[in-house]
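Q: So you can see what is in the structure, the chains are spelled out below.
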Amino acid sequence: MWKQMIPAFRAVLLITIVTGLVYPGVVTGLAQALFHDKANGSMLTDNGQVVGSSLIGQNFTKPEYFHGRPSAAGSGYDGMASSGSNYGPTNQKLIDRVKADEAAFRKDNPDFTGPIPADLLTASGSGLDPEISPASAQAQVARVAKARGVDAGVLAKLVDGHVEGRQFGVLGEARVNVLMLNMALDQQFPVKK
Amino acid sequence: MTANGVIQILIFFGILLLTTKPLGAYMAKVFEGRRTFLSPLLGPVERVCYRLCGVNPDAEQRWTQYAGSLLAFSVFSFLFVYVIQRLQGWLPFNPQGFSTAHAPGNATAMTPDLAFNTATSFVTNTNWQAYSGEATLSYFTQMAALAVQNFASAAVGIAAAIAMVRGFARQQVSAIGNFWADMWRATLYVLLPIATVAALVLVAEGAIQNFKPYDTVTTLEGAKQTIPQGPVASQEAIKMLGTNGGGIFNANSAHPYENPTPFANLVQILLIFIVPTALTYTFGKMVGDTRQGWAIFAACAIMFFAGVFVVYHYEQAGNPNLTNLGLQASATDTQPGGNMEGKETRFGIAASSLFVTVTTDASCGAVNSMHDSLTPLAGLVPTVNLQTDEVIFGGVGAGLYGILMYAVIAVFIAGLMVGRTPEYLGKKIESKEVKMAMVAMIATSLCILCFTAISSVVTFNWDKSQYWNPAQGNPKPAPTSSVPAAANVANDGPHGFSELLYAYTSGTENNGSAFAGITVNTPWYNLTIGLAMLMGRFLFMIPLIALGGSLAGKKKTPVTSGTFPTHGPLFVGLFVGTVVLIAALTFFPALSLGPLVEHFLMHSGKLFTWVAPALTHIANSGVWS
Chain A
0 MWKQMIPAFR AVLLITIVTG LVYPGVVTGL AQALFHDKAN GSMLTDNGQV
50 VGSSLIGQNF TKPEYFHGRP SAAGSGYDGM ASSGSNYGPT NQKLIDRVKA
100 DEAAFRKDNP DFTGPIPADL LTASGSGLDP EISPASAQAQ VARVAKARGV
150 DAGVLAKLVD GHVEGRQFGV LGEARVNVLM LNMALDQQFP VKK
Chain B
0 MTANGVIQIL IFFGILLLTT KPLGAYMAKV FEGRRTFLSP LLGPVERVCY
50 RLCGVNPDAE QRWTQYAGSL LAFSVFSFLF VYVIQRLQGW LPFNPQGFST
100 AHAPGNATAM TPDLAFNTAT SFVTNTNWQA YSGEATLSYF TQMAALAVQN
150 FASAAVGIAA AIAMVRGFAR QQVSAIGNFW ADMWRATLYV LLPIATVAAL
200 VLVAEGAIQN FKPYDTVTTL EGAKQTIPQG PVASQEAIKM LGTNGGGIFN
250 ANSAHPYENP TPFANLVQIL LIFIVPTALT YTFGKMVGDT RQGWAIFAAC
300 AIMFFAGVFV VYHYEQAGNP NLTNLGLQAS ATDTQPGGNM EGKETRFGIA
350 ASSLFVTVTT DASCGAVNSM HDSLTPLAGL VPTVNLQTDE VIFGGVGAGL
400 YGILMYAVIA VFIAGLMVGR TPEYLGKKIE SKEVKMAMVA MIATSLCILC
450 FTAISSVVTF NWDKSQYWNP AQGNPKPAPT SSVPAAANVA NDGPHGFSEL
500 LYAYTSGTEN NGSAFAGITV NTPWYNLTIG LAMLMGRFLF MIPLIALGGS
550 LAGKKKTPVT SGTFPTHGPL FVGLFVGTVV LIAALTFFPA LSLGPLVEHF
600 LMHSGKLFTW VAPALTHIAN SGVWS
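If you read the sequences in order, they're chains A and B.
In this text, residue positions in the first sequence follow numbering that gives the first Met the number 0: the first is 0, and each later residue adds one.
In this text, residue positions in the second sequence follow numbering that gives the first Met the number 0: the first is 0, and each later residue adds one.
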């Protein structure tokens, strides 16, 4: 083994250069040239102002916005602390959190009856999930419509327009991007101040 | 389970069926040193690498020399990663100023024990992460230390597997190939080309790839949000392809910047399995009978499907405690139902369950959902997958040499039953081979069970705990009490034990996924899990290279009517039976204390409230106090 030390040292140095500098360098060059916006974070702008990324969820608490899922990232959608809750299925804290959120949801959305879509009261894996299921968006339509003073039917159509189906018709799940939906809301039905 | 979900799983497997033969045949050519379609491009690069390293790729090595080269390479890999981490504050590509005076307030310090754990973790192809990437590591550390080992540790695994296969393929020679040739060929011809293409596909789907400092934006509701950036896609591709699993971000493949869409997710899961499945064909090709490879493929496929459908079933059934609160349990066209805690909307239940199974069948350990929040029996599957020594296709290389170890044990058991000297691929399996296989198998079992047992009971008195395992919990327990290591778990009851068991299982088996609630960035856990990773890697791999060396020296015995055929359904059944039996016999008691009992408690509505156990222990009662 001792005779192997010099080739080993050189090999580690060389593989560091090849796979640690050349490879990411080449990929970055190609990515920046071919997919500039995506490589830089899929940022969304409003009047030239960057308001976030279409891939990173934001915390929404006001009644006139659609709300995302509970987030375990920091104090909620903290980009520096991506994380799930890591609550096991028999953890009292999980049940307490869902119970509290359920009561709050029922209070804020008195027009909605029936079982609540599972994704709306469960914390995502990343804590930054930008999306909710279409059912979870529809469940909030009545509240948002009232807060903005628009017809619920019109709003339901807007939500439908923002539904992204399964990719290629089969992969993953249908979903609605919360930030993009809320930006469209502000544009089309601004809150009267 | 929904029809769509089952179709997603079948699409995944169908693609692998298509790639196994062409990629497997290509790799056989590469490792036999023959020309491939990439030779005109990569041949010159390969020769320059040999020249710069001062090695002769045609110099055949005995198993001891082969293992010596491999260990020397791993030692320097460890030193490089350790030193780069410790010096990252002085190195370039560090826009957030980690390990400097300008580090963000919530940054994690790169302590010696954390650097040891992380270096061990990436060199052993584990990618256990006791840190949170976005708050700890500079871009330089991610690229030039960690991503390099994603290539290197994968190439080492492939090399070791190919060396062992040569033991079966050759006869009456003492040499099993040249480590440097195998390592560079795996890197240049297999890993780099696939990773480059895959990285670009991921960027096209939305994964980021830049060297910008983190962005700070003002959200629609007027709050400030910091959005981390970095060279993500390039590391992501090799993280999956090399079955490494260590993400740039804490949330790993659940993070939208690592895994932005359902298609990106499919690509990632395929990357985990593409080399391990193809290696079964490479194996068949190199030993001169592709049916042998397909038999192993079939055995692995049976265990894969069993696992994925158990996870999918129990995750879709959901958590009855939440259904009782008025959450929708069944899937509809507009929402996924089931247990969505810890899962992303875009993946839903099926694609998450598939990921859980594949990442633990292989030694990958990336996660697109939080394993800690799985329902108990769905969480049992990844735990058991790891405890089979990851031989359900398994990690790159590591899977194949583990599989061959079980094949040796399987024919040994069959030999005992019929009273003949066992043979595999014409090689007589004798005392030395069985001993080597047993050393490998017992090393991992012992490591998992002993470390789990020790951490379950060890207690530190207050003074020692300040360094070894600072008390967790808010408020911190009074400074007169003693602190058990088990106090670091985040869930009480059997789930807390599952977290501990999973941590040492994941470390030993070089997987790296976690029941991540447990707090592991303390010197106690960094050192013990670091040791588990080293033992699980090298005490498993080296005996199997020795086994290959021993087989290479043997003559091939001709096939007779009394030879036990190892390419038919009987062998497939025997192989699956051996894997399941050994895992069950070794780990059933531990599993019954964790996920099995939790399943019944969950259905009886029993919940657990966290009480810091530090307060309930009597001081000075532990091993280390």
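In short, the hints are calculated from the structure, not lab data.
Check each hint, because a few of them may be wrong.
Using C-beta positions, here's what the derived DEER-type ranges look like [as the list claims (entries may be wrong)]:
#1 B:Pro94 with A:Asp95: 17 to 23 Å
#2 B:Val579 with A:Lys61: 50 to 56 Å
#3 B:Ala305 with A:His35: 24 to 30 Å
#4 A:Asp110 with B:Ile6: 34 to 40 Å
What the simulated footprint calls covered on chain B by chain A, stretch by stretch (three residues with Cβ under 8 Å from a Cβ of chain A suffice, anywhere in the stretch; the number is not a length) [unchecked claim]:
#5 47-58
#6 125-139
#7 160-171
#8 330-336
#9 425-431
Every residue, glycine too, gets a C-beta built ideally from N, C-alpha and C.
Q: All hints are to be evaluated individually against the structure, with a verdict given for each.
A: Hint check:
The hint said 17 to 23 Å for the Cβ distance between Pro94 of chain B and Asp95 of chain A, and at roughly 40 Å that hint is violated. At roughly 54 Å, the beta carbons of Val579 of chain B and Lys61 of chain A sit within the given window of 50 to 56 Å. Judged by the Cβ atoms, the range 24 to 30 Å given for Ala305 of chain B and His35 of chain A is violated: they are separated by roughly 45 Å. In this structure the hint that Asp110 of chain A and Ile6 of chain B lie 34 to 40 Å apart at CB holds, the actual value being about 36 Å.
Coverage of the stretch 47-58 of chain B by chain A holds. Counting CB-CB distances below 8 Å, 5 residues qualify, and the rule asks for three or more. Only residues whose beta carbon comes within less than 8 Å of a beta carbon in chain A count, and the stretch 125-139 of chain B has 3; three or more means the coverage holds. Residues of the stretch 160-171 of chain B lying with their CB closer than 8 Å to a CB of chain A number 0, which falls below the three-residue condition for coverage. For the stretch 330-336 of chain B, the stated coverage by chain A holds: 6 residues have a C-beta nearer than 8 Å to a C-beta of that chain, and at least 3 were required.
Counting residues of the stretch 425-431 of chain B whose C-beta lies closer than 8 Å to any C-beta of chain A gives 0; at least three are required, and the coverage claim is violated.
Of the numbered hints listed earlier, those contradicted by the structure are 1, 3, 7 and 9.
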